[in-house]
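Given chain G's structure and the hints, the job is docking chain X onto it.
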Amino acid sequence: MASTKEKLITHVSKEEATGSTNKVTVVGVGMVGMAAAVSILLKGLTDELALVDVMEDKLKGEAMDLQHGSLFLKTHKIVADKDYSVTANSKVVVVTAGARQQEGESRLNLVQRNVNIFKFIIPNIIKYSPNCILLVVSNPVDILTYVAWKLSGLPRNRVIGSGTNLDSARFRQLMGEKLGIHPSSCHAWVIGEHGDSSVPVWSGVNVAGVSLQSLNPDMGTDKDKEDWKSVHKMVVDSAYEVIKLKGYTSWAIGMSVANLCESILRNLRRCHPVSALVKGMHGVNEEVFLSVPCLLGNSGLTDIVQMTLKSDEEKQLKKSAETLWAVQKELTL
Amino acid sequence: MKRPDVQWITVTSSSLSLPEAGTRDGSLIHCSAPYSRQQQPAMLVSCWCLYLGAQRLYRHVLSMASVVQKLITPLFSGTLEPPRNKVTVVGVGQVGMACAVSVLLRDLADELALVDVVEDKLKGEMMDLQHGSLFLKTPKIVSGKDYSVTANSRVVVVTAGVRQQEGESRLNLVQRNVNIFKHIIPQIVRYSPNCILIVVSNPVDVLTYVTWKLSGLPKHRVIGSGTNLDSARFRYLMAERMGIHPSSFNGWILGEHGDSSVPVWSGANVAGVSLQKLNPDIGKDTDKENWKETHKKVVDSAYEVIRLKGYTNWAIGLSVADLTESLMKNLNRVHPVSTMVKMNVFQGMYGIGDEVYLSLPCVLNSAGVGSVVNMTLTGDEISQLKKSADMLWHIQKDLKDL
Chain G
0 MASTKEKLIT HVSKEEATGS TNKVTVVGVG MVGMAAAVSI LLKGLTDELA LVDVMEDKLK
60 GEAMDLQHGS LFLKTHKIVA DKDYSVTANS KVVVVTAGAR QQEGESRLNL VQRNVNIFKF
120 IIPNIIKYSP NCILLVVSNP VDILTYVAWK LSGLPRNRVI GSGTNLDSAR FRQLMGEKLG
180 IHPSSCHAWV IGEHGDSSVP VWSGVNVAGV SLQSLNPDMG TDKDKEDWKS VHKMVVDSAY
240 EVIKLKGYTS WAIGMSVANL CESILRNLRR CHPVSALVKG MHGVNEEVFL SVPCLLGNSG
300 LTDIVQMTLK SDEEKQLKKS AETLWAVQKE LTL
Chain X
0 MKRPDVQWIT VTSSSLSLPE AGTRDGSLIH CSAPYSRQQQ PAMLVSCWCL YLGAQRLYRH
60 VLSMASVVQK LITPLFSGTL EPPRNKVTVV GVGQVGMACA VSVLLRDLAD ELALVDVVED
120 KLKGEMMDLQ HGSLFLKTPK IVSGKDYSVT ANSRVVVVTA GVRQQEGESR LNLVQRNVNI
180 FKHIIPQIVR YSPNCILIVV SNPVDVLTYV TWKLSGLPKH RVIGSGTNLD SARFRYLMAE
240 RMGIHPSSFN GWILGEHGDS SVPVWSGANV AGVSLQKLNP DIGKDTDKEN WKETHKKVVD
300 SAYEVIRLKG YTNWAIGLSV ADLTESLMKN LNRVHPVSTM VKMNVFQGMY GIGDEVYLSL
360 PCVLNSAGVG SVVNMTLTGD EISQLKKSAD MLWHIQKDLK DL
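First to last, the sequence lines map onto chains G and X.
With numbering that gives the first Met the number 0 as the guide, the letters of the first sequence map in order to residues 0 to 332.
With numbering that gives the first Met the number 0 as the guide, the letters of the second sequence map in order to residues 0 to 401.
Next comes chain G alone, as it looks inside the complex:
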């Protein structure tokens, strides 16, 4: 007796259906991981999404909840498992796993806790997706991107840290508020270390190519009557503020991750401030990752844009590099 399905549908193709072409894995189904997953799904970037975590019930629940929304999405395959075999053949792997900042805790304090978690995660990812591009989000992101690079054995173009993509987005949003313009028309680059010592490059801040610093030469200094420096300070304080109010941050970082994935998966070669190996640039001699403007495409981080920095900006980068190296050299990898 033929089943209902057999009566309804006649299979005619002799070929096997090909596997997914644009698979994305998200490691860690906490608030950040799920915000990234939902943003990626709603932008329709992938044909297969895999979720991994150690907490099995939470993982299964999250996967089911997303699957129940399949009618409204264009990602037909959503899988999840504790076992990394579900992540096989991913193009991009977003790593959000790890402990999160507590209220008032700085990012550098999280280090060793997260290094130990990465020692388990990274080799497992590489085992099943040896040609993937790793996008590290867990904090402290610059150090953990270095750790992921070392543990993975991948070439430097395949290991990217989400870096100051979010800081720059926050800066542009605040700048947009101040000027009454949409953030996408306000251009500004915040580079260097993601966090307390990020560097706003004032010379590059512009709207329609008009440099704001040429209109206001005091911009970014303490003499500035308009106090643009406090805009950068607000960016640095943002994360702590949101954590204090709602316990964690998720939506903005999730959207920023989807923004980066879009450039990678669609091979856009857009320029983003992300964490890359900067040894040999801007006077940095240590093997550290800091955010600089990079071109992202389907081979990952293929090129770096050389910014013309002032001497005090370069000094800040060097100082960040030294701080990061001081922490990195103590790590057992």
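Hints in this document: simulated from the structure, not taken from any laboratory.
25 Å max Cα-Cα, derived DSS-like pairs, lysine-lysine:
id: 1; chain 1: X; residue 1: 144; chain 2: G; residue 2: 243
id: 2; chain 1: G; residue 1: 126; chain 2: G; residue 2: 90
id: 3; chain 1: G; residue 1: 6; chain 2: X; residue 2: 295
id: 4; chain 1: G; residue 1: 232; chain 2: X; residue 2: 69
id: 5; chain 1: X; residue 1: 69; chain 2: G; residue 2: 177
id: 6; chain 1: G; residue 1: 42; chain 2: X; residue 2: 136
id: 7; chain 1: X; residue 1: 287; chain 2: G; residue 2: 4
id: 8; chain 1: X; residue 1: 283; chain 2: G; residue 2: 4
id: 9; chain 1: G; residue 1: 232; chain 2: X; residue 2: 120
id: 10; chain 1: X; residue 1: 295; chain 2: G; residue 2: 57
id: 11; chain 1: X; residue 1: 139; chain 2: G; residue 2: 232
id: 12; chain 1: G; residue 1: 4; chain 2: X; residue 2: 296
id: 13; chain 1: X; residue 1: 296; chain 2: G; residue 2: 57
id: 14; chain 1: X; residue 1: 139; chain 2: G; residue 2: 42
id: 15; chain 1: X; residue 1: 296; chain 2: G; residue 2: 81
id: 16; chain 1: X; residue 1: 120; chain 2: G; residue 2: 57
id: 17; chain 1: X; residue 1: 136; chain 2: G; residue 2: 73
id: 18; chain 1: G; residue 1: 4; chain 2: X; residue 2: 295
id: 19; chain 1: X; residue 1: 69; chain 2: G; residue 2: 224
id: 20; chain 1: G; residue 1: 73; chain 2: X; residue 2: 296
id: 21; chain 1: G; residue 1: 76; chain 2: X; residue 2: 295
id: 22; chain 1: X; residue 1: 291; chain 2: X; residue 2: 276
id: 23; chain 1: X; residue 1: 120; chain 2: G; residue 2: 243
id: 24; chain 1: X; residue 1: 328; chain 2: G; residue 2: 42
id: 25; chain 1: G; residue 1: 6; chain 2: X; residue 2: 287
id: 26; chain 1: X; residue 1: 136; chain 2: G; residue 2: 177
id: 27; chain 1: X; residue 1: 276; chain 2: G; residue 2: 6
id: 28; chain 1: G; residue 1: 222; chain 2: X; residue 2: 69
id: 29; chain 1: G; residue 1: 4; chain 2: X; residue 2: 291
id: 30; chain 1: X; residue 1: 296; chain 2: G; residue 2: 76
id: 31; chain 1: G; residue 1: 6; chain 2: X; residue 2: 283
id: 32; chain 1: G; residue 1: 4; chain 2: X; residue 2: 276
id: 33; chain 1: G; residue 1: 177; chain 2: X; residue 2: 139
id: 34; chain 1: X; residue 1: 328; chain 2: G; residue 2: 73
id: 35; chain 1: G; residue 1: 6; chain 2: X; residue 2: 291
id: 36; chain 1: X; residue 1: 139; chain 2: G; residue 2: 243
id: 37; chain 1: X; residue 1: 296; chain 2: G; residue 2: 6
id: 38; chain 1: G; residue 1: 228; chain 2: X; residue 2: 69
Then chain X, alone, in the frame of chain G:
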């Protein structure tokens, strides 16, 4: 934006102009003849000093002009238009935020307002969304405990209320949520008298009735998210069994959102081919393929996800955004949502005489529920709807202060 500085410069320079002055080429102001030859050098010197003073003043004022004023020349300085596509979400719990993010990522609104009673959480959520503005096309995201932030909304999504505990049935939540709604609904309507309300809080069918009563709005403007989600889950699970995409599987679940929802097997089809014609036992206990099990999984879904992760949010968020899209864009798409089944004093759909909200296939457009599709239901399906209606009315009649 006003530029008072520039106007002031203009006044100053014009006040500098002397009567019958000669050429004024910016470097020299020639005085005219009326003054005597002895007075002329002194006049020239004082003119020159005045000119230098004015120039210094001008440069000083210009440097005081802000970056905004130097960068941008405003053309229009009237009051800004009110938003045309504003969405408000009441309640910033997991469901409310999932709805908010889905609406944002689908570019449905030009303004989003969030309301809640927990002020820190509310502000934190608003800030987190605002920080993503670069990646969005919703230029204004506001929040507040005070409902004035919700003014002029087209669609208001109500997710406020307490959520189902593990194992708790939806009907047990009732009185807890009614008391919350008595505070919320009148305030919403006060600031957005022309809005369409989408009620999500559970038990959704009862609370949509409560909302309708408390709002005083006509019934076509109060919708319950109803079985939109149940149907989405049903279509997903059925499509999985068939190996096709959910959107290519057409199936409707109507009636009460939850334990006694009604799967309309006669309507289930792919490409217009009725599954019931291929398998007349479909949905019955005699069905060898046990398709009934799929409907049971839909009913159990919410409890299962709650058991695993503590709550459900993504699927309901996506389904609410789907409804919002039909309303905002005046699409006239058909969705299974909770609507008033009693048409008028004399008749109700399927012979139901009580004023209850149950999910039926509704055509949604910018006015709300434009019309209801008259699905042909079997006698058995109609009696299930009647049974749900009785159960809902039994609860509703005892609610106080509506």
